[in-house]
Each structure stands twice: as structure tokens, then as C-alpha cells.
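Throughout the sequence shown, residue numbering follows this note's numbering, covering 1 to 117 in sequence.
Just so you know, the hints here were simulated from the structure itself, not pulled from any lab data.
You may find that some hints are simply not true.
As the list claims (entries may be wrong) - Taking CB as the label site, the calculated pair distances span:
1) Arg96 / Gly117: 18 to 28 angstroms
2) Met61 / Val101: 16 to 26 angstroms
3) Ala19 / Thr81: 30 to 40 angstroms
4) Arg84 / Gly37: 15 to 25 angstroms
5) Asp20 / Gly82: 14 to 24 angstroms
6) Gly37 / Asp86: 23 to 33 angstroms
7) Asp20 / Val83: 27 to 37 angstroms
8) Leu113 / Ala19: 30 to 40 angstroms
We put the beta carbon where it would ideally sit given N, CA and C, even for glycine.
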Amino acid sequence: MYDAFARKDIDAVFDALSADVEIYQSELVPWGGNYRGHDGAQEFFGRLLGNIESAVTADEMIEAGDHVIQIGHSRGHVKATGVRFDVRDVHVWTLRDGKVVRFEAYLDTPAMLAVLG
1 MYDAFARKDI
11 DAVFDALSAD
21 VEIYQSELVP
31 WGGNYRGHDG
41 AQEFFGRLLG
51 NIESAVTADE
61 MIEAGDHVIQ
71 IGHSRGHVKA
81 TGVRFDVRDV
91 HVWTLRDGKV
101 VRFEAYLDTP
111 AMLAVLG
């Protein structure tokens with residue numbers, strides 16, 4: 001998933017998502033909220049990519065049953081200002097039948113808000 005996102009291969013990203021996928025990120029960031037289904041995922045990624053250019057570095061991946069937890073960093077820049085960032089993040093993936101049914105993204109929100117201005 002991270003490789004496909006880094007390549008901007010949105011088709012591969014959506015192939016990995018179930019039709020009823022749920023996506024959550026704090027509403028404090030401009031792309032945050034609760035999103036459902038492929039239409040919701042498209043809105044989430046559109047808002048995310050409209051605000052920042054970023055790449056995730058996974059420092060640790062933990063498998064726990066139907067869940068995969070990624071602990072790492074998001075690095076990149078704010079598109080509107082060019083301000084660079086490097087923030088800690090945790091991603092929680094829930095899988096069913098080989099597809100992502102839920103994605104939760106948690107990051108150092110105060111640090112991200114500081115670079116967003």
C-alpha cells in the first residue's frame with residue numbers, strides 16, 4: 001500500500017480497499033474526518049494530496065490478527081507554502097478477506113498544525 005501511494009498509483013491503492021472501507025483521521029487537520037466507501041476514500045485522498053506532498057517511512061510494522069499497525073514518520077511539505085515537515089505517525093489497518101476495511105491515521109497533530117499555519 002505504501003509503495004503504491006508513493007508511486008501515486010491510485011488504482012493499486014483502491015484495489016486494496018474494500019468497497020465499504022472506512023477511513024478516519026482527526027478533524028483538526030484539513031483532510032481529516034470520517035470517510036466511507038470508495039467515494040469517501042477518493043475525497044480523503046483528494047483532500048490529503050491537495051494539502052500536502054508526503055511519504056511514510058515505516059519504522060515498525062506489527063501484525064495482530066486482522067490488524068496491522070505501522071509506527072513511523074510522515075515526511076514532506078505543505079503544498080501552499082513549501083514548509084517541510086517530519087512528524088511521527090501511527091496507522092492502524094484492519095483487513096478482511098485480503099482487503100482494507102478500515103484505515104485509521106494518527107499523527108503528531110500539534111506539530112502538523114504548526115507547519116500548516
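Quick rundown of the hints versus the structure:
At about 39 angstroms, the beta-carbon gap between arginine 96 and glycine 117 misses the expected band of 18 to 28 angstroms. Here the CB-CB span from methionine 61 to valine 101 is close to 18 angstroms, well matched to the stated 16 to 26 angstroms. Range check, alanine 19 to threonine 81: Cβ separation about 36 angstroms, and the 30 to 40 angstroms hint holds. Remark: the range hint 15 to 25 angstroms for arginine 84 to glycine 37 is contradicted by a beta-carbon distance near 33 angstroms.
For aspartate 20 and glycine 82, the hinted distance range of 14 to 24 angstroms is not satisfied, since their beta carbons lie about 37 angstroms from each other. The supplied range of 23 to 33 angstroms is met by glycine 37 and aspartate 86, whose beta-carbon atoms lie about 32 angstroms from each other. Restraint check, aspartate 20 to valine 83: a C-beta distance of roughly 36 angstroms satisfies the suggested window 27 to 37 angstroms. Take leucine 113 and alanine 19: their Cβ atoms lie about 33 angstroms apart, and the range 30 to 40 angstroms holds.
Violated hints, in rising order: 1, 4 and 5; the structure is consistent with all others.
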